[in-house]
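Engineer: Required output: the full structure, derived from the provided sequences and hints.
Protein chains: 2
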Amino acid sequence: MSNVLKKISWSSRDHNAHAGERSPLLPARPQGSPEAVEDDPEVTSQDDKIQNVHPPSSPKEIPHTENLLSLKYESLDYDNCENQLFLEEERKIGPRGFRVVEISRWFICLLIGILTALIACIIDIIIEKFADLKYLVLKDKIDAFTLNGGLSVSLVIWATMNAGIVMLGSILVAFVEPVAAGSGVPQIKCYLNGVKIPHVVRLKTLLVKVLGVIFSVSGGLAVGKIFEHFRRDTEKRDFVAAGAAAGVSAAFGAPVGGVLFSLEEGASFWNQYLTWRIFFASVISTFTLNFVLSGYHSQFGQLANPGLINFGRFEDKNEAYTWFEIPLFLIIGAIGGISGALFNSINYWLTMFRIRYIHRPLLQVLEAMLVAVVTATISFLMIYFSDDCQPLGEDNVVEYPLQLFCKDGEYNSMATTFFNTPEKSVRSLFHDPPGSYNPTTVGLFCLSYFLLACWTYGLSVSSGIFIPSLLLGAAWGRLIGILLSNISNANWADPGKYALIGAAAQLGGVVRMTLSLTVIIMEATGNVSYGLPIMLVLMTAKWVGDFFIEGLYDIHIKLQSVPFLDWEPPATSHSHIASSDVMSHPVVCFQRIEKVGHVVDLLSDATCNHNGFPVVDEQDGGGSDHFGKLRGIILRSQIIVLLKHKAFIERGKYGMLGYRLTLKDFRDAYPRFPPIQSIHVSQEERECTMDLTPFMNPAPYSIPQDASLNRIFRLFRALGLRHLVVCNSENHVVGLVTRKDLARYRWSEHGLEELLLAQA
Amino acid sequence: MSNVLKKISWSSRDHNAHAGERSPLLPARPQGSPEAVEDDPEVTSQDDKIQNVHPPSSPKEIPHTENLLSLKYESLDYDNCENQLFLEEERKIGPRGFRVVEISRWFICLLIGILTALIACIIDIIIEKFADLKYLVLKDKIDAFTLNGGLSVSLVIWATMNAGIVMLGSILVAFVEPVAAGSGVPQIKCYLNGVKIPHVVRLKTLLVKVLGVIFSVSGGLAVGKIFEHFRRDTEKRDFVAAGAAAGVSAAFGAPVGGVLFSLEEGASFWNQYLTWRIFFASVISTFTLNFVLSGYHSQFGQLANPGLINFGRFEDKNEAYTWFEIPLFLIIGAIGGISGALFNSINYWLTMFRIRYIHRPLLQVLEAMLVAVVTATISFLMIYFSDDCQPLGEDNVVEYPLQLFCKDGEYNSMATTFFNTPEKSVRSLFHDPPGSYNPTTVGLFCLSYFLLACWTYGLSVSSGIFIPSLLLGAAWGRLIGILLSNISNANWADPGKYALIGAAAQLGGVVRMTLSLTVIIMEATGNVSYGLPIMLVLMTAKWVGDFFIEGLYDIHIKLQSVPFLDWEPPATSHSHIASSDVMSHPVVCFQRIEKVGHVVDLLSDATCNHNGFPVVDEQDGGGSDHFGKLRGIILRSQIIVLLKHKAFIERGKYGMLGYRLTLKDFRDAYPRFPPIQSIHVSQEERECTMDLTPFMNPAPYSIPQDASLNRIFRLFRALGLRHLVVCNSENHVVGLVTRKDLARYRWSEHGLEELLLAQA
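Protein sequences appear in the order of chains A and B. When you line the first sequence up against our numbering, it's residues 1 to 760, in that order. When you line the second sequence up against our numbering, it's residues 1 to 760, in that order.
Keep in mind that a hint or two might mislead.
Treat identical chains as interchangeable: a pair holds within one or across any two.
Derived SDA-like pairs: lysine to any residue, alpha-carbon spacing no greater than 20 Å straight-line [stated by the list, open to error]:
id, residue 1, residue 2
1, K646, F291
2, K92, A571
3, K644, T693
4, K644, R686
5, K134, S152
No lab work stands behind these hints: they were computed from the structure.
Structural biologist: This is the structure:
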């Protein structure tokens with residue numbers, strides 16, 4: 001194996017040297033917090049063979065942060081623990097009981113849909129009011145000062161206003177809840193992948209962030225607080241998936257797109273029943289949103305124009321496009337791929353810079369404010385130097401026209417583009433009649449907006465990449481459309497159509513979604529005829545972009561050192577790596593009856609911060625290369641509950657005391673199990689024993705020693721496992737495989753790489 | 001366990017009594033055919049506890065055919081056999097090799113897309129020409145005879161013509177390739193579920209059937225014949241999924257719908273890379289079809305109106321629907337659910353009747369002809385007695401107008417509905433202006449068409465249920481629309497809109513698809529605004545329908561006694577059933593070095609027609625309740641190849657002869673491995689030994705004895721397994737679980753049921 005792996009500059013043994021270096025993307029948390037139980041760092045002690053292949057270099061320098069794997073993320077447990085308690089409870093629930101459970105699942109999905117939509121409505125209404133307010137204040141000032149020549153005052157007002165708003169937002173994010181930064185999509189992606197991102201599914205996050213993680217939170221809330229039966233990772237993850245779908249559905253009026261988003265970005269396996277529930281949440285969400293907003297916009301009951309972010313309906317034309325445009329679309333797709341890759345590369349270097357130098361919350365707030373001021377200044381300068389005056393149409397399509405130096409009855413096109421909310425600008429670029437934009441204006445806008453958007457993504461504010469990418473793409477797409485119609489004088493080159501294609505290409509180039517994005521765009525534009533070109537464009541953009549660099553979300557996930565499992569095991573993993581290479585070894589095992597003192601000592605031992613322990617038969621002497629025969633597996637959290645409830649057998653007396661505990665005790669503790677340090681065990685209690693048999697999972701999945709990485713990966717991924725026990729042919733435990741053991745292996749252009757493990 | 005299971009009237013031990021009873025849905029095949037290797041009937045000898053709970057009743061009577069599980073279906077093996085040969089080959093393939101493999105996969109998907117589209121084009125053009133011809137011949141006759149009063153002659157001509165065409169089709173199906181019967185969807189559903197339906201992926205089937213199974217065949221062909229590397233079930237199944245998507249995509253111009261169809265109906269797990277490839281095939285298919293057909297229809301390059309079956313574009317109206325129509329839509333959905341359930345129930349009883357009494361091919365052909373004659377007669381009578389004359393519009397939207405007894409410039413509306421190809425009738429019902437139809441005509445049509453469609457489905461002809469259901473639903477939907485607009489005098493009750501909603505409701509009520517069907521209808525009608533109502537309608541139809549009876553495809557799958565695995569294990573299976581209840585026992589095991597004679601004898605033994613054999617260490621004495629320690633698993637097909645190539649070690653000489661075989665030898669034999677009877681082994685060879693080690697899968701998935709049915713099910717389903725070894729805590733083999741062992745357990749309203757196993 002070691003001749004195959006390309007080693008990174010020091011061995012995994014030395015990860016403790018970097019314990020102080022934290023990835024500030026999800027910044028440092030207080031040490032004593034309840035989440036401090038680390039996941040399975042048994043991985044650090046494995047694989048003696050590759051130890052110190054290269055001596056550690058200066059620990060200060062982290063050459064490739066994306067080659068680290070953080071130990072701070074726990075894994076979700078998608079596998080049910082079918083212990084005696086669970087089986088007893090299941091036995092009590094009759095067929096009718098199962099129906100009740102099933103109906104509650106649908107009911108929760110209904111709640112998720114409604115809740116998500118209502119929150120989305122509130123946000124939408126607030127933002128709209130706010131934009132109106134901002135416009136009113138600014139327009140008066142600008143118009144006034146323009147006449148007086150005091151333009152710099154307008155600039156100052158504008159910049160201050162923007163910076164102030166951004167400051168508030170970024171303070172909330174940087175100081176109160178760092179998880180709320182960014183678009184929320186990478187977090188959801190990780191969560192659905194099976195990584196427990198701390199704080200993602202919390203009420204606080206919902207309040208701080210609102211839009212991005214909105215979906216998952218409403219999913220998580222319903223489960224965590226309301227329905228006791230669903231307090232386990234399995235159910236929670238399903239509801240988070242429903243929430244994610246409902247969120248996209250509400251945002252873009254795209255219920256099918258929402259389901260596909262949830263599946264394409266997250267789910268590891270496809271279950272029809274689950275999909276139907278997700279779909280249900282998604283439909284309800286769109287419906288509720290439409291219903292409420294149609295009331296708000298005084299068109300009560302007009303449901304046909306759905307979505308929070310509405311790009312306007314593309315009316316069907318009979319000659320939507322012809323075959324000779326297909327190559328053009330493919331070229332636009334390729335441009336999108338290249339532009340997206342460039343965007344991602346720049347953002348990657350920027351994020352690396354931020355990780356190294358801007359990790360203090362205060363600095364983060366200052367950077368966000370700086371971006372706001374620079375954005376205002378650049379916009380202002382561009383407006384100032386542009387002379388792109390357009391006549392105000394009869395129908396007054398332009399929502400916030402700025403006159404500035406234009407004649408009466410005209411408005412400044414550049415100013416309007418910058419001044420509108422981005423989704424309104426997208427709509428204008430899609431639907432304004434040909435001739436509305438001056439190519440120079442649009443070109444300049446593209447260039448400056450590209451850089452600003454790139455700088456903005458990754459700031460400590462809750463903002464996504466969807467709308468900026470669409471706007472950027474719509475702008476250069478429209479530019480291409482304008483140029484084409486100038487060259488060919490043909491009426492087929494409708495600039496609006498090319499704006500749509502460009503928007504798809506740019507967004508596809510950045511995020512690399514295909515199926516779900518196609519449907520989202522189809523649903524958001526209310527148009528099916530452009531479906532085929534959009535698909536072709538998205539695929540081309542993905543292929544071309546993948547040639548250079550990964551998608552933006554994946555980059556950020558890697559930079560956060562999340563143990564993310566890909567869809568497939570790395571190629572060549574069949575032949576080169578076996579369980580015995582992958583697994584963590586030695587493993588801490590328990591016997592079915594253990595002394596309380598021994599258990600407490602093991603759990604308290606700082607070097608043993610495992611989360612799952614194989615339960616074995618008595619060890620038959622033997623060396624340290626294997627342990628007893630596998631009997632079951634028990635989680636740290638379960639043992640903690642046992643200790644908390646003093647489920648001990650008194651010395652000398654074997655009783656059934658442990659049985660007094662019910663599943664409810666475990667559920668009540670979910671999901672925030674106290675750390676072992678907070679549990680007091682007296683000296684006398686230490687002498688008692690505890691019987692793990694009724695609580696352990698008696699049929700854990702196990703795999704033979706010589707299984708390939710490939711097999712392990714598939715098993716792990718398909719079942720959403722947290723721990724997989726490796727046994728020899730005698731069924732003796734020889735090792736344990738966790739998510740991090742698998743996520744360590746990554747396929748790159750240089751061949752198979754092994755990542756380092758870092759405490760941070 | 002036995003107190004939980006509701007037993008069906010005789011035990012599984014007695015299945016041999018029914019060996020003669022065959023389910024003629026996939027009728028009898030010659031015994032000596034290469035497919036005759038039966039799958040794993042070790043299941044028949046298990047579960048002593050429930051033996052003879054009820055004595056067998058008269059073996060002639062099969063009270064519930066859907067409670068039988070046929071033993072004739074093999075299982076696909078989605079799990080890779082990672083034996084030494086495989087690992088060696090993988091080791092030789094470098095990173096570049098993997099890229100080549102990956103690119104070939106995309107290339108095959110491209111081929112699948114193009115091929116599917118081209119075949120679809122050919123079919124479409126032939127059908128169109130044929131319909132024109134039929135129209136020309138008939139119209140002349142009918143018009144002529146109408147004037148002369150000799151209407152009965154027209155009837156005879158019409159009926160004879162129909163019966164003749166149907167006869168040809170049904171002879172092909174009944175005598176040449178029975179698998180081509182029906183819509184093909186149940187077969188594909190089973191195949192993607194992991195059941196090897198004999199002959200589905202064959203060139204002959206393609207020729208006989210063409211439309212229904214088209215997709216899977218083009219997928220299967222590319223793999224089986226062209227690309228040697230992909231000769232294994234895993235790859236084949238993926239390509240079949242791509243083919244299914246491409247087929248739906250071509251048929252309805254619904255690339256996204258095609259992907260979703262493939263996933264919703266088939267896939268057990270969702271893999272992003274696979275999905276992208278499927279999507280690619282789907283897009284290419286639509287694109288190719290559009291391109292070719294646009295050329296054929298002399299609108300070369302007009303790509304915006306896709307699909308073979310085109311329901312016409314619903315133009316967006318600003319007031320597409322309002323909130324008070326939502327309850328109406330839900331009611332229509334419920335009607336669709338009830339009507340669909342009624343349809344399914346009648347068809348179920350009809351199919352039961354057919355299974356019992358119409359299993360001779362000749363009878364099947366006669367029945368098909370009878371249906372054709374009756375259809376013609378009823379149509380004729382209805383046309384004759386209707387006096388629904390409609391003016392021929394200026395724009396001449398009606399494609400095959402029949403004047404009959406109407407005045408000049410008018411046409412008989414009923415006749416036109418019956419006389420058109422069904423998809424043209426659907427289009428007319430969707431788009432003809434209000435007032436085009438007389439409610440009595442439409443009502444009569446609904447009634448008669450319902451019965452005829454119900455009778456037709458399940459005949460020995462290649463015909464589906466999609467279009468008839470849509471037509472039926474469109475008719476009663478339009479009827480509701482007409483009645484609504486009569487009652488309310490409101491302009492919101494557009495009959496076309498209600499026809500669309502009704503079509504969705506009826507189809508949803510019959511097949512119970514939701515997500516994929518929504519997208520298919522959205523794409524086929526080119527309209528997104530009706531997306532939300534269609535979703536609501538489909539969900540309601542599904543819920544209401546599921547209350548009464550299952551979906552039509554599921555009914556037919558069950559009636560064919562296919563060991564189909566549901567998406568989830570039956571409820572309550574956690575607590576009531578363990579591996580030791582589920583598994584087959586005893587198991588035939590091999591040791592790693594076996595005598596050739598012993599192997600041949602075991603394989604030839606008629607009572608042992610297993611397909612997978614655990615390979616174990618030497619048995620350490622012990623009782624018959626367990627075998628040696630699990631070392632690997634080997635398939636019957638692999639042993640057959642070994643025997644065929646005489647990969648023996650001569651007596652007394654241990655050599656490496658077995659190693660001379662390469663993976664290619666196994667691939668060449670795929671997928672039609674010869675039966676053991678065809679392999680001659682001399683007396684001398686019988687004395688040789690064979691070493692199974694390099695060929696067996698050394699790391700088979702195994703599960704402990706006390707794992708619940710639930711866990712086994714998830715493992716089996718998620719990984720697409722064929723065999724799962726059950727081991728005790730010493731890692732001794734105690735049993736084997738196959739697909740049939742799991743499919744036996746079914747959840748019904750009475751609780752958990754166990755199905756019988758039947759040879760047929």
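Engineer: Would you mind marking each hint as holding or not holding in the structure?
Structural biologist: Results for each hint:
no., hint, verdict
1, K646 x F291, "neither (53 Å within a copy, 73 Å between copies)"
2, K92 x A571, "between (46 Å within a copy, 13 Å between copies)"
3, K644 x T693, "within (17 Å within a copy, 50 Å between copies)"
4, K644 x R686, "within (13 Å within a copy, 66 Å between copies)"
5, K134 x S152, "within (18 Å within a copy, 80 Å between copies)"
Checked against the numbered hints above, the structure violates only hint 1.
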